[in-house]
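**Student:** Just so you know, the sequences run in chain order A and B.
Residues in the first sequence are numbered consecutively from 5, following the working numbering.
Residues in the second sequence are numbered consecutively from 745, following the working numbering.
FYI, nobody ran anything at the bench for these hints, they're computed from the structure.
From a predicted model like this one, the values you see are computed outputs, not experimental measurements.
Treat the hints with care, as some may be off.
[As the list claims (entries may be wrong)] Covered stretches of chain B (in silico footprint by chain A; criterion: 3 or more residues with CB under 8 Å from a CB of chain A, positions within the stretch not fixed): (1) 767-780; (2) 807-818; (3) 824-837; (4) 958-966; (5) 1003-1012.
Backbone N, C-alpha and C define an ideal beta-carbon position, used for all residues, glycine too.
Here is what each chain is made of, one letter per residue.
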Amino acid sequence: MVKAAVKKNGRKSKAARFTKSFLLRLGFYFLLCALSFIFLYPFITMIVKSLMTDDDLYNITVKWLPSQATWSNYDIAFRRMRFKAYVWNNVIVCGLSTLGHVISCSLTGYAFARYKFRLKNALFMLVILMMIVPVQVIIFPLYKQYSDWGWLNSFLPLIVPTFFAMGLNGGFFIFLFRQFFMGLPYEMEEAARVDGCGPIRTYARIMLPMAQAPLLVCGVLSLVWHWNDYFEPGVYINNPDYRMLPSVLPNLYSLLNQENHTMIQVNDLEGIVFNEAMLMAATFLCIIPIMIAYLILQRRFMEGVERSGLTGM
Amino acid sequence: MTVKNPGLSRKPRRMGIDRKRSLEAYIFLIPWLIGVCLFFAYPIFVSIRLSFSKIVSFKGLITEWVGLTNFEYIFFYDINFMPTFLQVVYDTLLNTPLCMVFSLVIAILINRKMVGRGFFRTAFFIPVLLGSGYIMKQLLGMGVDGTTITTGIMVPKLISDLIGPSITAVVQGFLDRITVVLWKSGVQIVLFLAGLQGISGSLYEAAKVDGATEWEMFWKITLPMITPIILMNMVYTIVAFFTDGTNPMVDYIKKVNFTNQQYEYGAAMSWVYFVFALILCLMCILLMRRHVYDSGAKN
């Protein structure tokens, strides 16, 4: 059968073959562009809407390009959501909890990958369980616990668990590091041990520098997930001074819905009606910092993904 | 370490090599073990106890055992639980396979060498940046979905005249679902990419020499080699859909817990909900186990 195919191909002229491969390639790019359009759609809508004026918003003929772009929406959104104050909360919490995940999950993953010890399988089942049990199941006991410790209305419940390899998707990161360390050759550690290098130094000086790929993947994913998380911060934090950016958004959205429902347009101090465009601007402002961070790390992140050695569980 | 047998005190520091290694492992595990006890095992214990009891006093959380009352209430009295729960189950059962297929296809597409590789890879990760959380929820709620594919393809008007409104509605619903699924498959695509990169190129070269087509290579090499990732992705996807911010059940649990303050009931409900997710995951693992490729790297 294969032979027949080769023969058939051979008989075709060079030009025909070229056209065929060209068409295939064209179709391939068309498919990719269509798919990436779907992926970018919410993002594009958000940006376009955020630039619209009040008139454009209610004009059905204006779907994509606003008749005139206004930047004032961003200005209003910026002040309305107290961006400057909250963005630092986000940066502090996300930075510290990402650091926590990177340190603690790599340690744990290393132990599971490279050591034999009693109860290993039972403990690893616990890691799998960590991946499967959603935080919603234990949210009340956690809430109660933190409130007993006096941790509510602070960043502690969000940051401290990550230093103990718990927190948002901790199990997933442990798993990631375990997979990576399992793929490394044992000779490295043996050589270090023969030379009298202690286990912790072996880990810090030899294994960790080799683990740049999963460190980066863990770091980026942890950063992005923490940045966007609003369930846990929403539960633990009520004090407006300690809010995180994504937890400000629900308030803004409810403000908009309220105004739409009652049709009473409540002007605030500045005499501005809060509209959808401003909301979109606020939403976009929320993700700008994390987007910049991702765009900077993007290339190395993808390289890290490729080298994280996830095959061969 | 105390020396148990003084007669052997010639070598007091000698431990069995296995025990020593075991001890080293536990040094590495200390932070995680503390974390699991404080932030995972104990809350789970409290939560299970709560679901079988009634809170008598909040101070010190004194509870009274009431048996299965909370669960009875869930299944026989609560009119909100079952419809929401079934909706979520239905969505998960449909979305998970769709998500797997699409993310695998996309991962294979962008794994090739081509122009604009960096752009496409960023594009497919953008929904993850937009968040699994509130932002996506609102964009969906504002009717952003649905228009996406239909404006892209532009056939429904013509075809809907031909096949009638009922079938059009089904097709439309399906397209909407795909859009939503695609937006939520960023992480899965990344994981599949990692898996595809892990397959040794020499396998493909050997197959090519033997005259295999790309189609054959996909079924005989790619798919068997990434079965571990498929399994991991499936579990991840099920859990992600179950805990997603757009999920009505999550909202309901949060409402019962923190707005209605029925903590016992909330705990019972979340356990029913979780046990179902667990059953789904276990089913996946059991079904896939026979087919998962084992590289022999396990030790």
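**Student:** Now, for every hint given, state plainly whether the structure supports it.
**Tutor:** Hints, verified against the model:
{"no.": "1", "hint": "767-780", "verdict": "holds (count 11)"}
{"no.": "2", "hint": "807-818", "verdict": "violated (count 0)"}
{"no.": "3", "hint": "824-837", "verdict": "violated (count 0)"}
{"no.": "4", "hint": "958-966", "verdict": "violated (count 0)"}
{"no.": "5", "hint": "1003-1012", "verdict": "holds (count 3)"}
Consistency note: the structure conflicts with the earlier hints numbered 2, 3 and 4.
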